[in-house]
Amino acid sequence: MLNTVFLPELALMLTVLVLFFMTLGKFKTGTVQAVSLLFAAISLVAAVASFGSHGDLFYNAYRVDALSQLFKIAIILGLFLVFMLGHGLTGIRRELHTEYNMFLTISAMGLVFLSSSVELLTILLSLEISSYALYVVIPFRQGQGRIHVEAGIKYVLFGAASTGLTLYGMSYVFGLAHTTYLSELAQKMPALVATQPLAVFAMIFVMTAFFYKLALFPMHFWTPDVYQGASNETAGFVATLPKVGAVLLLIRFAAVAGFDITQFTWVLAAIAVLSMTLGNLSALVQNDLKRLLAYSSIAHAGYVMLGVITADLVGMSASVFYVIGYLLMNLGCFYVIYNIAPDGENVTFDDLKGLSKRSPLLALTLLVSAFSMAGIPPTIGFIGKFMLFTGALHKGFYALVIIAVINAAVAAFYYLKMARAAYCAPESDPSLPFEAITLPLGSRFLATFFIVIIIAIGAMPQSLLNAAKSAISTLL
Amino acid sequence: MEKYLILNTLNFPILSLLLVIPVIGAVVAMFMRGDTLLKFWGLAVTLVTALVSLPLWTNFDAATAKYQFVELRHWFPALDLNYVVGVDGISVLLVLLTTLIMPLCILCSWTYIKTRMKEFIIVTLLMETAMLGVFVSMNTVLFYIFWEGMLVPMYLIIAVWGGERKDYASIKFFLYTFAGSIFLLVAIVAMYITTGTFFIPALMEHSFPFGYQMWIFAACALGFAIKMPMFPFHTWLPAAHVEAPVAGSVILASILLKMGGYGFLRFCLPMAPAATLYCMPFLLIMSLISIVVGGYLALGQSDVKKLIAYSSVGHMGFVTLGIFLLNDAGIKGAMLQMLNHGVTTGALFILIGIIYERTHSRELSVNNKLGMFMPIYVTFLGIFSLSSLAFPGTNSFVGEFLVLYGAFDKFPVVGAVSILGAILAAAYMLRMLQKMVWDDSDGHVHHGEDHGHDDDNGGHKLFDCNFREFIQLAFLTVFVFWIGLHPQPLLHIMDTSVAHLIHQIDAGSAVQEAVHHHGEHHALLETAGAWVRNLL
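Line order of the protein sequences matches chains A and B.
The working numbering applies: residue 1 is where the first sequence begins, and numbers increase by one.
The working numbering applies: residue 477 is where the second sequence begins, and numbers increase by one.
Calculated directly from the structure, the hints in this document are not laboratory data.
Do not rely on the hints blindly, as some may be mistaken.
Facing chain A, according to a computed beta carbon distance under 10 Å, are these residues of chain B, among others [as the list claims (entries may be wrong)]:
#1 Trp551
#2 Arg592
#3 Glu595
#4 Val617
#5 Ile621
#6 Gly625
#7 Val628
#8 Val636
#9 Lys642
#10 Asp643
#11 Ile647
#12 Phe654
#13 Val662
#14 Tyr668
#15 Ile669
#16 Trp691
For clarity, every value in this text was computed on a predicted model and none was experimentally measured.
A virtual CB, placed ideally from N, CA and C, is assigned to each residue, including glycine.
Using the sequences plus the hints, can you model the full thing?
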C-alpha cells in the first residue's frame, strides 16, 4: 500500500541513487543523458500511476491527495523536459555532467516532497532539499567569466534570508496556534487572521520563502541576475519547477489563512499588483532574453497570485492550471534559447534575428510560446488568464483584474518583440550568421511537443481544468 | 434555446466546414513544395470555402431574426461554454464577403509575394478561419478566441511580407488592437459572472443595470472603436495599410475593419441598450469627426495607399454614424456600407498592388498618365473610384444614401455635416483619379512615350492588366453594379434582423426607464436627451 502511494518519490530516489553511482565512474554525456531521461520517464510513469491514490504518511506530516499528485506529475514532467531540452549540456562544465543531472533530480525530488508536505517542519525540510541542490548547480556553468559565481552567491544569500524569514514566521504561527500541522492550523488560523494583525504578519512571513521561489515582488531581486548568470538549461529549471512547487504551497497556506477576504488578502493583492507591474515594466527594456524572461516571470507570479487570493475553487484551480501552463510555455522559450546558443552563451535579441530562416521550427516554437505567455488565444496561456480573471471577478476584485488586464496589454509588447526579432529578417545587416541550426531528432520532437501541447490544451482545456478543480476541491 | 436559433437543416455542417476547410488546407500546405503548387492549392482551398458558403445565401431564411444553420456541441461544460456557431441577417453577408474576398487575396498575391510562399499560404488560410470564426460565433468566448487569434496571422502578414517600415506598422497594429480588445475580455467575463452564460442571444435578452451597462459599453466600444478604426484611435490604420502587402491591405480593408462595426451591432447595441442611447451623441460626434478628418487627411496624401487608408477612416465613420443613428435606415445603410467598403476598397487596394508591381512606387507623382498605357486598368480604377465616392448607380451610393436618409430623419444637423464628408470624398478620389490617369502637369514625368514597350532602360514596363488581374477586378465590378442597381436582396436579408435589433434596443432602454423612473440614471438619460436635442 505504502509503495503505490509513495511510488513517484521512490522512483526519484532510485534515479538519484543511480546517478550518484554514475558520478563515481566516467561516462559520456550521451550515456548520462540517456540514463537520466530513462529514469525520469520511469518516475513520470510512476507519478501518473500513483495519480488518484491518497493517504497520510509519516505521522500525518505527508499527505498524498489529488492536489499533490497533480503537482508531482507536473514537476516530474518538467524535470523530464529539462533533461530533454538540455541535450549535450553545452553550458555545463564537462566533468560535472553527471553531478549536474543528479542535483537537478534531487531538487525535483525535494519539490515532490514539498507537494505532499502538510506540516511546517516537513515543508521546511523539503524546501531545503530542493534549494540546496540548486545552490550547488548554478555555478556549474562553464566559460562565461565569473557571472555564474555571482548568480550562485545571490541565489544562496536570498534563499537563506527568505528561509530565515519563513522560519521566523513559523515560530509566530506556532506560538499563536500551538501546532505545526496545516490541517489543525486551518481550523485555528482563519479566526486569528481575521482579528489579529500579528497572525497576518506571521502568515506573510511563512510565505516568504515561497515568494522567493516564485519570484514575487519583495523577494524578486535575485531573479534577473540568477537567470542571466546560470547556464541556459539551469535557468530553464530554476524558472519553472520551483515555481510550480511554490504555487502549491502558497495555495495551501492561503487555504490555511481562511477563505474570507481579510487584511491578509489585501496584502497579497498588493504584492500581486506590484509584482506584475514592476515585472512587466522592467521587462520592456531588457535586451538579454533570459533577463527578459526573468522579469516576465515576476509578472506571471503576480498573475498567479490573482487566483491564490480568491481562495475559492474557481480561482485556485485557475492558479493551478496557469502554473502548469506556465511551466510548458516557459520551458518552450528556454528550449529555444538553449538551442540558439551552441556554446551555452547568453542570448540577446540580436541572436534571434533571422531565426525563422535559420530554423523555422525554433522560430515557430518561440512564436507559440511567446504568444501563449502574452495570453493570445487559442493557447494555454489565454485559457489560464481567462480562468484567473474569471475567478478574480467572481470574487469581486474588479480593480485587480483591470490592473492585470492593463499589464497584459503592456506585456504583449515584449513578447511580440521576441516574435518580431525571430520573424523579421534584419533589413541591412548581411554580416549576421545565416547558417541553419540543425536540431537532433529528439530535439525536433520536443519542439513539436511544445507547439502541439500549448495549442492543444488551449483549445481543449477541459481535462486539465477538471484535474485542477478536483485537486483543489480536496483542499476546500 | 429554440427561441433564439434554428438548427442547421442542411445535410452537412456548413459553418463548421467553413471553419475547418482552411485549417485543413493550411496543414496540408505545410507538406507541400513548390511555389506554384502552393499558390494553386491556396486558391483551390479558398475557392472551395467560397463554394461551400454559397448555401448560406440560397438557403437563408430572411423572415426570421433567429440564428440559422446553428451547430451546437459541448466543449467546456463546466463553464456552460459550448461550441455554438450560427448566422443571422447581420452576420451572414459578412461571412459571404469574407469567403468571396479570400480567393482574391490569393490571386492578387500571385506575383506580389516573392518570398516564403508556403508560410504566406498557411497564414492566409488560418486568417480566413479566424475571420469567419468571429462572424459565426454565438458564444462570447469563442468570439474572443477568434477575435484575438486573428491578430497573430495578421501581424505576421504585415511583419514578414510588409514594406520598409513593416516593423513599426506591425507592432503598432498588434499592440493597439490587443490593448483595445483585452478589455473586451473583462466585459465578457463580467457579463458571465452576472448572468452565468456566455451565450450571445441570452446575453442580449438580459437586462443589466444602467451603471453596469455603461462599463460594458465602455469596455466593448473601446475595442471596437480601435478596430473600426474611429477617430482618435485610427492612427494604426494608415501605418498598417501602407506597409502591409497587397493581400494584407485587402484583408484589412475588406474584412478586418468590418469587425468593429459588427462588434457594435452584436455587443454594444443589444447588450447595453441604455448605455448606447446615453452615449449615442458622443459616438455620433466621433463618427462625424472621423468622416471629416479622414476625408481631409486623404485630400493631402501623395501616397496612394495612404490616401485610400485615410478614406477608409472616413468611410468607417459613415458606418458608425449609421449604426448609432439607431434607426432602420441608418443601421441598414451602415451594414450595406460595410459590404460596399469591402468590395470597393478591396478593389482599390488590388489596383494599387497592380501598379506597385509595375512601377515599384505608390506615389501619385510617379504613377501618372496611366491612361495612355493601361486602358483596362484605368477603366477599373475609374469604376472603383466613383464607387468609393458614392456615385449614383454604384454600390456605395445606396449605402451612403441610406445613412444620410437616416441622419436627416433623426438629426438634420448630423446629416448636414456628413454631407461635407461626402463632398470631401469626391474631392480626394477625383484628385487621385485625375493625377493617375492624365496628369503630367508637374513636368516630372517618369515614364516617357516608349514606356508601353518592353524597354527596361527608360523606366518601367507598363503593360496592362493580365487575365488574372482582370478576373479579380471584373468579379468585384459585378458587385459594384449589382448592389448599386439592385440592392433589394441584400436589404431583404437584413430586414428582420435589423428590425429585431431595433426592437431590442427600444425594449432594453424602456425597461431601464421603467426601473429608474425616479432614479438619478433616469435624470442622466434625460439630460443626455436634452443635450442631444439642443445640440442637433
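Hint check results:
Contact between Trp551 of chain B and chain A, as hinted, is supported at the beta carbon level, the nearest pair being about 8 Å apart and thus within 10 Å. About 8 Å separates the beta-carbon of Arg592 of chain B from the nearest beta-carbon of chain A, less than 10 Å, and the hint is met. Hint status for Glu595 of chain B: holds, given a least beta-carbon distance of 8 Å to chain A, under 10 Å. Contact between Val617 of chain B and chain A, as hinted, is supported at the beta carbon level, the nearest pair being about 7 Å apart and thus within 10 Å.
Interface hint at Ile621 of chain B: satisfied, since its Cβ lies 4 Å from the closest Cβ of chain A, which is below the 10 Å cut-off. Satisfaction of the interface hint for Gly625 of chain B is found here, the shortest Cβ-Cβ separation to chain A being roughly 5 Å, below the 10 Å cut-off. With a cut of 10 Å, the hint placing Val628 of chain B at the interface with chain A holds, because the nearest CB-to-CB distance is about 6 Å. Against a cut-off of 10 Å between C-beta atoms, the interface hint on Val636 of chain B holds, since the closest Cβ of chain A lies about 6 Å away.
Checking Lys642 of chain B against chain A: minimum C-beta separation of about 7 Å stays under 10 Å; hint holds. With its C-beta approaching chain A no nearer than about 6 Å, Asp643 of chain B sits inside the 10 Å limit, and its interface hint holds. Nearest Cβ of chain A to the Cβ of Ile647 of chain B: about 6 Å, under the 10 Å cut. The hint holds. The closest approach between the C-beta of Phe654 of chain B and any C-beta of chain A is roughly 5 Å, which is under the 10 Å cut-off, so the hint is satisfied.
Nearest Cβ of chain A to the Cβ of Val662 of chain B: about 5 Å, under the 10 Å cut. The hint holds. The criterion of a C-beta within 10 Å of any C-beta in chain A is met by Tyr668 of chain B, whose closest approach is roughly 7 Å, and the hint holds. The beta carbon of Ile669 of chain B is positioned within 10 Å of a beta carbon in chain A (closest approach about 5 Å), and the interface hint is therefore held. For Trp691 of chain B, the shortest C-beta to C-beta distance to chain A is roughly 9 Å, which falls under 10 Å, so the interface hint holds.
The structure is consistent with each of the numbered hints, conforming to all of them.
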